Amino acid sequence: MQPTDTLTSAARALTAHPTRTWLTLAAMAFATAAVVLLSALGEGARRYVLDEFMQLGTHLLIIVPGRHETTGGMPPLFGETPRDLTLGDAQALLRSRHVERVAPITVGAAEVSVGALSREVTILGSTADFIDVRRLTLAAGRFLPPGDPDRALPVAVLGQTLAEALFRGESPIGRRLRIGDRRFRVIGLLSAGGVSLGSNLADAAIIPVASAQALFDDPGLFRVLVQAGGRESLDTAADDIRAIIRARHEGEDDVTVITQDALLGTFDRILGALTLAVAGIAAISLAVAGVLIMNVMLVSVSQRTPEVGLLKALGARQRDVLGLFLTEALLLACAGTVAGIALAYAGVWLFNAQFPAFQLVVPVWAPLAAALVSIGTGLLFGLLPARRAARLDPVRALNEA
Amino acid sequence: MIELHGIERRFQVGDQVVHALRDLDLTLADGDYAAVMGPSGSGKSTLLNILGLLDRPDAGSYRLDGIETTRLPEERRARLRRERIGFVFQAFHLIPRLTAAENVELPLTLAGRPVRERRQQVAAALEAMGLTPRADHRPDQLSGGQRQRVAIARATVTRPGLLLADEPTGNLDRASGDDVIAALEALNAQGLTLVVVTHDQHLGERARRRIHMDDGAVLAD
Ligand SMILES: Nc1ncnc2c1ncn2[C@@H]1O[C@H](COP(=O)(O)OP(=O)(O)OP(=O)(O)O)[C@@H](O)[C@H]1O
Ligand SMILES: [Mg+2]
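Respectively, the protein sequence lines represent chains A and B. Per the working numbering, residue 1 is the first one in the first sequence, and the count goes up by one each step. Per the working numbering, residue 1 is the first one in the second sequence, and the count goes up by one each step.
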């Protein structure tokens with residue numbers, strides 16, 4: 001039997017039972033679409049998170065007080081708590097020629113009030129370089145003034161949500177407010193957006209780091225953000241930073257320097273694995289659809305037993321019969337897959353048109369893997385019924401009605 | 001040329017063994033026209049299935065055109081069926097979703113013949129059965145007699161040497177039965193070996209040879 005004849009015969013056998021065929025196709029299509037859509041969701045999430053990181057600024061280093069090393073290394077000999085990371089430490093980092101900007105950060109929560117309106121928000125203490133290091137932009141006014149970071153100026157830059165809550169749409173620039181029991185003057189308003197991992201700057205106030213230290217009565221820094229001179233100098237900058245801090249902390253390596261690359265890499269791996277896991281779970285639905293194909297094919301074989309007997313009487317070989325039924329199963333799987341992939345892309349397109357903030361991204365491997373798996377299941381689950389048909393005894397098959 | 005020697009066919013039914021054929025000898029020359037007759041359960045269909053290589057005897061020898069068939073692998077037997085044997089069944093066994101022409105084309109398709117050749121041979125086979133105007137009708141749009149003639153066209157489209165018919169008129173009225181028998185006899189007149197199983201005395205008498213069977217053996221020839 002010629003392959004084209006096998007194909008047309010199989011196709012005609014399928015079209016002879018349209019309802020059954022459509023239902024099986026639908027199951028296969030939905031399963032395939034689920035795999036593709038879920039992996040698009042995972043990939044979208046991955047890109048989203050990576051984008052957020054990129055927004056933090058490239059060639060960024062984050063210095064965290066205390067040692068959080070996972071790479072082994074000696075535990076401190078004396079069980080002393082790590083030293084605070086101080087403003088002096090932060091300023092000292094600028095001595096490295098690989099360090100371009102430094103933004104020390106203090107974080108706390110405090111009540112911000114204007115007249116009778118008040119709101120408990122995050123207060124972030126930093127310096128003038130913070131806006132560049134974090135790549136933020138202003139909607140109005142100006143950012144914290146440059147100058148001696150030890151000076152506790154009573155000025156504040158507000159996020160959009162906070163400004164809206166306190167000033168009800170009026171311009172906050174030049175207005176006065178209280179943070180805790182201290183008075184501040186609003187000098188700037190951040191642009192919208194600024195939602196990024198872990199901190200929502202839209203509902204926060206940024207004040208000079210010295211003011212924040214006074215407000216929270218804490219000389220220690222929460223983090224120091226460092227912008228390195230370039231991507232290639234990240235590692236040398238990290239080494240310099242460790243050396244400078246060690247020198248200032250009596251030889252103790254008591255800070256952790258996180259490079260953005262390392263963070264990115266970790267998140268990338270976690271989210272990649274998550275995507276695969278989700279796609280894998282969706283692939284189970286493909287297996288279910290495969291069982292459905294098997295079921296349909298088994299029904300088809302038992303309904304067409306006399307036909308198989310006839311084919312054999314007409315001289316069909318086992319492999320002709322096997323080919324016919326396997327082709328039917330494969331056609332179902334292939335058509336279902338194609339429909340499913342089309343469905344998934346349509347779904348992604350619709351979703352992305354609806355929610356521009358979070359974009360689904362179909363990873364290249366997803367449709368390929370879905371197609372492979374579904375055609376694989378089609379073959380696998382089609383094999384049993386097809387073999388049953390091929391091995392039927394012709395005389396008995398003919399006489400079965 | 002068909003030579004059967006000492007053919008045995010037994011069926012195990014529960015713990016009982018049914019002897020469908022016992023020590024059967026039979027020789028058919030090319031161009032023979034034989035009617036196989038006998039009571040129900042005498043083994044006529046079993047004999048025909050063995051002749052058609054659809055079934056294997058438990059013992060004995062079956063030579064078809066000099067080829068010992070009993071020990072051939074299934075693939076080779078399928079090929080012999082494809083090339084040398086045509087079947088006509090009481091229940092027609094047409095595929096309902098295919099047209100008359102497509103049903104007739106089936107053996108050629110299975111044999112992997114090229115499309116052009118298939119078209120010509122199908123047209124010729126349908127023409128010979130007087131079915132040209134019905135080529136595009138599906139079986140449910142045809143009468144019983146027409147269906148059986150489609151089945152005959154299908155059985156002969158590969159020009160086999162041997163045509164086996166198991167009660168071909170069993171589902172037909174007298175007139176269409178006669179049409180079918182006439183068609184078969186015309187083919188026999190062209191040199192085809194024809195074996196017809198029938199209960200019909202009237203049909204049996206038209207055959208050159210009458211093989212009477214009882215209880216799995218040939219009573220009279
Ligand atoms: N597959 C089978 N399994 C068990 N017994 C069988 C089988 N096929 C045939 N037989 C038995 O073999 C014997 C011969 O059957 P066969 O079909 O050849 O009879 P027949 O002469 O064609 O009868 P009829 O005129 O009713 O068609 C019967 O007793 C039948 O029950
Ligand atoms: Mg019978």
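Don't read these hints as lab results, they were simulated from the structure. As the structure is a prediction and not an experimental result, all values here were calculated from the model. C-beta atoms are modelled at their ideal positions from N, C-alpha and C, and glycine is treated no differently. Be aware that one or more of the hints could be misleading.
[Unchecked claim] Residues of chain B placed beyond 10 Å of chain A at every Cβ, according to the derived structure: (1) 49; (2) 112; (3) 134.
[Said to hold, decoys possible] Across the chosen pairs, the derived CB separations fall in these ranges: (4) B:182 - A:3: 50 to 58 Å; (5) B:116 - A:299: 49 to 57 Å; (6) A:318 - B:15: 30 to 38 Å; (7) A:303 - B:23: 18 to 26 Å; (8) A:359 - B:96: 29 to 37 Å; (9) B:143 - A:291: 30 to 38 Å; (10) B:210 - A:22: 50 to 58 Å; (11) B:96 - A:48: 43 to 51 Å; (12) B:116 - A:318: 27 to 35 Å; (13) A:281 - B:124: 56 to 64 Å.
(request) For the range 43 to 51 Å, tell me whether the beta carbons of residue 96 (chain B) and residue 48 (chain A) fit it or not. (result) violated, 56 Å
(message) Between the beta carbons of residue 210 (chain B) and residue 22 (chain A), is the distance compatible with 50 to 58 Å?
(response) Holds: the Cβ-Cβ distance is about 54 Å, inside 50 to 58 Å.
(request) Go ahead and decide if the range 49 to 57 Å is satisfied by the Cβ distance of residue 116 (chain B) to residue 299 (chain A). (result) For residue 299 (chain A) against residue 116 (chain B), whose Cβ atoms are near 37 Å apart, the range 49 to 57 Å is violated.
(request) Decide, holds or violated, for the assertion that all CB atoms of chain A are farther than 10 Å from the CB of residue 134 (chain B). (result) holds, 19 Å
(request) Note whether the CB distance of residue 143 (chain B) and residue 291 (chain A) lies within 30 to 38 Å or breaks it. (result) violated, 43 Å
(request) For the range 30 to 38 Å, tell me whether the beta carbons of residue 318 (chain A) and residue 15 (chain B) fit it or not. (result) Once the Cβ atoms are compared, 31 Å apart, the range 30 to 38 Å for residue 15 (chain B) and residue 318 (chain A) holds.
(request) For residue 303 (chain A) and residue 23 (chain B), compare the CB-CB distance with the range 18 to 26 Å and indicate the outcome. (result) violated, 39 Å
(request) Verify that the Cβ of residue 112 (chain B) lies farther than 10 Å from every Cβ atom of chain A, and report whether the claim holds or is violated. (result) Violated, since 5 Å does not exceed 10 Å.
(message) Verify the CB-CB distance for residue 116 (chain B) and residue 318 (chain A) against the hinted window 27 to 35 Å.
(response) Since residue 116 (chain B) and residue 318 (chain A) have Cβ atoms about 28 Å apart, the given range 27 to 35 Å holds.
(request) Could you check that no beta carbon of chain A comes within 10 Å of the beta carbon of residue 49 (chain B)? (result) Violated: least Cβ distance 5 Å, not greater than 10 Å.
(message) A range of 29 to 37 Å was offered for this pair. Does it hold for the Cβ distance of residue 359 (chain A) and residue 96 (chain B)?
(response) The hinted range 29 to 37 Å is violated for residue 359 (chain A) and residue 96 (chain B), with Cβ atoms some 52 Å apart.
(request) With 50 to 58 Å as the target window, see if residue 182 (chain B) and residue 3 (chain A) comply at their CB atoms. (result) 40 Å Cβ-Cβ, so the 50 to 58 Å window is violated.
Figure legend: structure checked against the earlier numbered hints; hints not met, in rising order: 1, 2, 4, 5, 7, 8, 9, 11.
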